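Enquirer: Sequence:
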Amino acid sequence: LPMLALALAVWAGGFFNYAASIPRVVEDTDRQTDAIVVLTGGSLRLEVGLRLLQAGLAERLLVSGVNPEVSREALLRLLPEWTEALNARIDIDYAANNTVGNAAETAIWLREREYRSLRLVTANYHLRRSLLEFRDAMPGIDIVPHPVFPEDFHLEDWWRWPGSAALIFSEYNKFLMVHLRLSLAGLIKG
43 LPMLALALAV WAGGFFNYAA SIPRVVEDTD RQTDAIVVLT GGSLRLEVGL RLLQAGLAER
103 LLVSGVNPEV SREALLRLLP EWTEALNARI DIDYAANNTV GNAAETAIWL REREYRSLRL
163 VTANYHLRRS LLEFRDAMPG IDIVPHPVFP EDFHLEDWWR WPGSAALIFS EYNKFLMVHL
223 RLSLAGLIKG
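Residue numbers (this note's numbering): 43 to 232.
Hints were generated in silico from the structure; no laboratory data involved.
Every value quoted in this text rests on a predicted model; they were computed, and no experiment measured them.
There is no bait here: all hints are sound.
List of simulated lysine to aspartate or glutamate pairs, DMTMM-like, C-alpha gap at most 25 Å:
1) Lys216 x Asp199
2) Lys216 x Glu147
3) Lys216 x Glu193
4) Lys216 x Asp178
5) Lys231 x Asp178
6) Lys231 x Asp184
With the sequences and hints as input, model every part of the structure.
Expert: Put into structure tokens, the structure is as follows:
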């Protein structure tokens, strides 16, 4: 019982630390990278990525994890930021269906183009786990985190919002599982 209480206390301390560490601002807004990578699955991510491409912060954009039923033309029609002029500088990854897949497909895409840096655009609550996966899949690549702030995710006073609290709870546990998986893989390799 004391071990269980200790484990629960460590988990809870980590959870509150994780919640406090979720980005509230974009720390590096203007550094150039070879590419911008947007992870689909949440509001505003693609719009932000397209604006960053328009602003000239990278030469190409990869949209990773697009539903195979959504065509390029449909995206072009849905998003005013996705202009015909930008269309030739945008690649779409339909293969990835989770964060591990996003990282694997992005690593291949970067290697094919000999890119050495990327700006990673995803929701602020998803960023730490994404960075773990991306840094593992592509060591040596300079990754600039670019959090997006979904309107329906309440980071301030998150404990008052059941949906936001549940999302942080879920992301924290996924983050722990990724950390454990990568640590064990490192031990096996080492």
